[in-house]
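Protein chains in written order, with this note's numbering: chain V, 1 to 326; chain Y, 1 to 326; chain A, 1 to 264; chain F, 1 to 264.
You may find that some hints are simply not true.
To be verified - So, partial list: chain Y residues that the calculated Cβ filter (under 7 angstroms) puts toward chain V:
1. Gly68
2. Ala71
3. Gly84
4. Trp119
5. Pro123
6. Val149
7. Asp151
8. Asn219
9. Thr263
10. Gly266
11. Ala268
12. Val305
13. Phe308
14. Trp311
Claimed, not checked - BS3-like mimics (lysine-lysine), calculated; alpha carbons at most 27 angstroms apart, straight line:
15. A/Lys262 - A/Lys148
16. V/Lys72 - V/Lys259
17. F/Lys131 - Y/Lys72
18. Y/Lys199 - A/Lys21
19. F/Lys262 - F/Lys148
20. V/Lys259 - A/Lys262
21. V/Lys199 - V/Lys72
22. F/Lys262 - Y/Lys259
23. F/Lys148 - F/Lys21
24. V/Lys199 - F/Lys262
25. A/Lys131 - A/Lys232
26. Y/Lys259 - F/Lys131
27. A/Lys159 - A/Lys21
28. Y/Lys199 - Y/Lys72
29. A/Lys21 - A/Lys131
30. F/Lys232 - F/Lys148
31. F/Lys159 - Y/Lys259
32. Y/Lys199 - A/Lys262
33. Y/Lys72 - Y/Lys259
34. V/Lys259 - A/Lys148
35. F/Lys148 - F/Lys131
36. V/Lys199 - F/Lys148
37. A/Lys131 - V/Lys259
38. A/Lys131 - A/Lys159
39. A/Lys131 - V/Lys72
40. F/Lys159 - F/Lys262
Hint data in this document are derived by calculation from the structure and do not stem from the laboratory.
Keep in mind that this is a model prediction, so the values were computed, not measured.
Using N, Cα and C, we set each Cβ at its ideal position, and we do this for glycine too.
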Amino acid sequence: MGMGKLISLAEAVRRFSWDGMQYASGAALPVGSDAVVFGRELVRQGRRDLHAVFHASSQQLNLLAAAGAVAKVECGFSGLEVFGFANGLRRAVETGRLLLEDYSNLAMALRFLGGALNWPFVPATTNIGSDLQYRSAFSGEGRPKIPPVRDPFSGREIGAFSPLRPDVAAIHVTLADVAGNAIMLGTEWSRFELSRAAKRVVVIADAIVDQDCMRQFPNLVRIPDIIVEAVVHWPFAAWPQASPGMYDVDEEHMVLMNKALATDEGTASYLQTYVRGYQDLDGYLDMIGRNRVEVLSRSETSFLVDPFRRWIVPPEHLAGLRGEAA
Amino acid sequence: MGMGKLISLAEAVRRFSWDGMQYASGAALPVGSDAVVFGRELVRQGRRDLHAVFHASSQQLNLLAAAGAVAKVECGFSGLEVFGFANGLRRAVETGRLLLEDYSNLAMALRFLGGALNWPFVPATTNIGSDLQYRSAFSGEGRPKIPPVRDPFSGREIGAFSPLRPDVAAIHVTLADVAGNAIMLGTEWSRFELSRAAKRVVVIADAIVDQDCMRQFPNLVRIPDIIVEAVVHWPFAAWPQASPGMYDVDEEHMVLMNKALATDEGTASYLQTYVRGYQDLDGYLDMIGRNRVEVLSRSETSFLVDPFRRWIVPPEHLAGLRGEAA
Amino acid sequence: MSAAGYSRQEMMAIATGREIKDGELAIFGVGLSMLAGYFAKEHHAPNVRAMTEGGVFGATPVGGLPWGIECNRISANATSFTNALDALGFLVASGRCDVGIIGAAQVDRFGNVNTTGIWEGEIGADYRPPKTRLPGAGGANDIACGAKRTVIMVTHEPKRFAERVTYLTSPGYLDGGDSRDRFGFQGGGPSAIVTTLGILRPHPDTREFWLDSWYPFSSADEIRANTGWDLKAFDHAREVTEPSLAELAALRRVDQTGALRKEK
Amino acid sequence: MSAAGYSRQEMMAIATGREIKDGELAIFGVGLSMLAGYFAKEHHAPNVRAMTEGGVFGATPVGGLPWGIECNRISANATSFTNALDALGFLVASGRCDVGIIGAAQVDRFGNVNTTGIWEGEIGADYRPPKTRLPGAGGANDIACGAKRTVIMVTHEPKRFAERVTYLTSPGYLDGGDSRDRFGFQGGGPSAIVTTLGILRPHPDTREFWLDSWYPFSSADEIRANTGWDLKAFDHAREVTEPSLAELAALRRVDQTGALRKEK
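Here chain V stands alone, though its shape is the one from the complex (with noise of 0.2 angstroms):
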């Protein structure tokens, strides 16, 4: 297929990363779907100074701010929701060696609907009169944070967010061709929004599918091949978080993370052990127990998987689909 975008997720990190980038990625809850993978690879090749966008915090942040591989964020929640506070990101932020800006859930979405339209603002009508407006972590940049407008129509003053265009976005999501369309179940968040928004796109895909599966369900392809620089296959590339249809939450390991990323010792320890403790995806899958991939494949949701299933290519196939190999 000649328009194959498959590569290895180090390669794409190589090719799709470099420091003091803006990086958007999950655009999803602290425990759905994000390219968690992407983020330990981000580690593993030592990026730095990143200027993270995440529509909400997720163990990827956690992990990346407790690395000490970010220097800014912006997002609208930087918890874990039952987990707790990202202890990584937490500590990163009062100990004042990340500057994090904070917005809502939905003016984040907003802001990448406005980065996909290339609009210079986007109205908000949520956000003003409170602090998301009157306080800015960036404030030393000089630029407003939410400054106001005033509607033509009614001469009423609401206020506009700025844009969002982050320079490479990790999208994960359920199922890839190797072109680059990409089906996402559960919900999207703000991926479709984010992967128009996005200046580069890559895709880190839980299975890689026949073609034929995108064209039997093209309303389902919400990622189309057409703005995607490249596809990643990894399986359980949000675990610990879970992927609906594919995979529950590790609530053990969303504990023991959590708890590692909350001193410097356990932040050293984790990345040695879950950062560069595998090599390649075998090692990744053995890291993960494969006993724990198992069980956490027993989803309750894993129906939402059958119509698809016929279309999955098998991982001993993948080889010969490669990009790179050429």
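Guided by the hints, dock chains Y, A and F onto chain V, whose structure is given.
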């Protein structure tokens, strides 16, 4: 099922339309998905003075204009693509009987988006600098059409679209359950945004499916039941236009219909035969012609419906699901 | 668990759930607010039209409390998945949503909520790092601005009930009176603060939160002692009706993992 | 069909198709512009990333020219269906689309397009009904504003080539020079007007359209006689290369129904 909202077409028009209302439909291009049959019923029930808001024209708008049911229109495209000018609409505009306010196709989508968000205005980076901005068929109403607004970040001037919040939207969908969850096959145009912008939504479905279909494919359910007032089952609801997966464009009738609507006599004759010429769904399909129904159903796109066929409720089982029967 | 056979948190969840009416369009956050919402659906509001911030529609959580609002436990039986723009924008910020339940780390006399951070003293004019960073706004700011009314659920402790929040994450009535009006929010503001000790409601004119009711196991005095402003009481203030057996049974069917039964 | 074995419209479609480069992100309207675009894909731009206004991606029309851009003929083998906001907004008005092909009922010396209506005389300050109502803007205004460049396809007749369009539906270079700049459009404006007689291109300074080339069967004089403004010619103006056999074969594979072979 307690949440059943399935009612007859006649009942839907009785309950969800009135003279002078702002009525939105279709949101599809002229040969595609549109609730054309809802427009036929509006004419049958003698609705007048409608303010029609159509993303793009269609044979429905062509018919409503020809029948004198519409006083004002806002739309992005007023032709019938390769079938030429929409003669009913064209005549109504040229004689001054109907005021047509022009926007572009993106503008209409954005105005629905703005209505869905309940924004006071929507940033306009297209339509500005052209007569779409400078000329208004509604200038007598004293409200600016696309006034300027200044970007508070850069200081540069762009335009502002007025959001749309139609009183009622009749939205054509491929599949719906009786609670109102709906699946559209083919491009959505702006039906997603319209379904949120409208104050009341009636979905007109080519087929009714069991709710299990929605639970198997929740990502395809872009119109959830919680925003739907009523569901109408009407096969060939978009005829003579196409419904991807269900039936092709009836090219012969597209030409016949548009030719008829080019004159008063032709319109009268068309109304007699094709608007008042049936009593119920059976009569409607007879009117189209059972043979033609079969031919049009043999679409190159039929395979798009295959994954959902097992959940389609046979017509003979639908009577028991009707909300009004109780 | 109290001698009454239910915990303070269970009482709070039930009192919150009673605020939800059948048929309403409602948005629930994660954790306790979701339990309160699904309790209402289970008990007296079977037709409540519930959604999550991410656009999960038609679902009832399976296997206990979801760990997050995008969790597989709430994705296993949804009828529709859309996105955040839809749920928080089209349906909430727009003013279409009837009621939202939000939590608070800190709440003040005008129902303003802080979930962003705790600073020592005033923050001051320029940015400085918080002593304790909290999870931020999430969708709560959008719900506080857009939902027709909000219910704030919060553990009743003096440190949480401040004269003025240090950081105003989600607007209540701002400075009270009509000060909220000038922002043109579609939503009407908080109709109640439901706590582990009782219920506060806004005075119709000043918008200051006054004591509306206490629980069988608490008292007006206990509530005043745990509130950081000079709490006034409505003339009609009274004791809340004790949870019925049916209510408790419904709540515990929803709270399968017993998250609320652990006394805090 | 001319003696040359191809029609004027076929020449126009091929000349338009030659403007499309391989790999570009392109948007095609319905009818002739779609034929020109898919000809390019068939002939020299196999990796052109084509979409329609409604958000149909990855499709090649089956069974001849689609009757509309949402037609089943282009819906039968798509890899993605999204929506108008995506195609016209996220991908075109945003400035991401490389090239768009649009038609015109009337075009003027600065490449402004009218597809809205024909009036007798000036419209005047207030609204008055057109003598002939045309189909309106569709997505053409958005393409004219947002695509990095546009190609205007139009039958070359005096009535269509006006000093100034009566109604300016889709902006070219407005009043010429840098007058387009003040609107901040993401797109650069029309790079060519490809007609049934030849090709006009904008002067780099004045942005007035000048004669760039004529066809084997036409001439500069014929083009001038059919143009409603004083048409200047570039020094480099020359005859267009005749369609190759491969080009004609590719075009006719796309134009299965022979829409372009009927001489107009």
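Now for the hints, and whether the structure bears them out:
1. Gly68: Since chain V brings no Cβ nearer than about 31 angstroms to Y/Gly68, farther than 7 angstroms, the hint is violated.
2. Ala71: The hint is violated - Y/Ala71 has no Cβ within 7 angstroms of chain V, the shortest such distance being about 22 angstroms.
3. Gly84: 29 angstroms, violated
4. Trp119: For Y/Trp119, the interface hint holds, since the closest Cβ of chain V sits about 5 angstroms away, which is under 7 angstroms.
5. Pro123: Interface hint status for Y/Pro123: holds (5 angstroms vs cutoff 7 angstroms).
6. Val149: 5 angstroms, holds
7. Asp151: Since chain V brings a Cβ to about 4 angstroms from Y/Asp151, closer than 7 angstroms, the hint holds.
8. Asn219: 6 angstroms, holds
9. Thr263: Hint violated; Y/Thr263 Cβ to chain V Cβ min 40 angstroms, cut 7 angstroms.
10. Gly266: This hint is violated: Y/Gly266 lies away from chain V, its Cβ roughly 38 angstroms from the closest one there, beyond 7 angstroms.
11. Ala268: Since chain V brings no Cβ nearer than about 40 angstroms to Y/Ala268, farther than 7 angstroms, the hint is violated.
12. Val305: 11 angstroms, violated
13. Phe308: 10 angstroms, violated
14. Trp311: 12 angstroms, violated
15. A/Lys262 - A/Lys148: Status violated; Cα separation ~32 angstroms.
16. V/Lys72 - V/Lys259: With a Cα-Cα distance of about 23 angstroms, the restraint between V/Lys72 and V/Lys259 holds, given a limit of 27 angstroms.
17. F/Lys131 - Y/Lys72: 18 angstroms, holds
18. Y/Lys199 - A/Lys21: 21 angstroms, holds
19. F/Lys262 - F/Lys148: Distance ~32 angstroms between F/Lys262 and F/Lys148 Cα, so the pair is violated.
20. V/Lys259 - A/Lys262: Between V/Lys259 and A/Lys262 the Cα gap is close to 22 angstroms, so the pair holds against 27 angstroms.
21. V/Lys199 - V/Lys72: Within the cut-off at roughly 19 angstroms; holds.
22. F/Lys262 - Y/Lys259: Roughly 22 angstroms between the alpha carbons, so the hint for F/Lys262 and Y/Lys259 holds.
23. F/Lys148 - F/Lys21: OK: F/Lys148 and F/Lys21 at ~13 angstroms, within 27 angstroms.
24. V/Lys199 - F/Lys262: Violated, at roughly 44 angstroms.
25. A/Lys131 - A/Lys232: 31 angstroms, violated
26. Y/Lys259 - F/Lys131: This hinted pair holds, its Cα atoms lying about 19 angstroms apart.
27. A/Lys159 - A/Lys21: Violated: A/Lys159 and A/Lys21 sit about 31 angstroms apart, past 27 angstroms.
28. Y/Lys199 - Y/Lys72: 19 angstroms, holds
29. A/Lys21 - A/Lys131: 40 angstroms, violated
30. F/Lys232 - F/Lys148: 25 angstroms, holds
31. F/Lys159 - Y/Lys259: Status holds; Cα separation ~26 angstroms.
32. Y/Lys199 - A/Lys262: 44 angstroms, violated
33. Y/Lys72 - Y/Lys259: The hint holds at about 23 angstroms.
34. V/Lys259 - A/Lys148: 39 angstroms, violated
35. F/Lys148 - F/Lys131: 34 angstroms, violated
36. V/Lys199 - F/Lys148: Holds - the C-alpha atoms of F/Lys148 and V/Lys199 are around 16 angstroms apart, at most 27 angstroms.
37. A/Lys131 - V/Lys259: 19 angstroms, holds
38. A/Lys131 - A/Lys159: Given that 27 angstroms is the threshold and the Cα spacing comes to 15 angstroms, the pair holds.
39. A/Lys131 - V/Lys72: 18 angstroms, holds
40. F/Lys159 - F/Lys262: 21 angstroms, holds
In summary, the numbered hints that this structure violates are 1, 2, 3, 9, 10, 11, 12, 13, 14, 15, 19, 24, 25, 27, 29, 32, 34 and 35.
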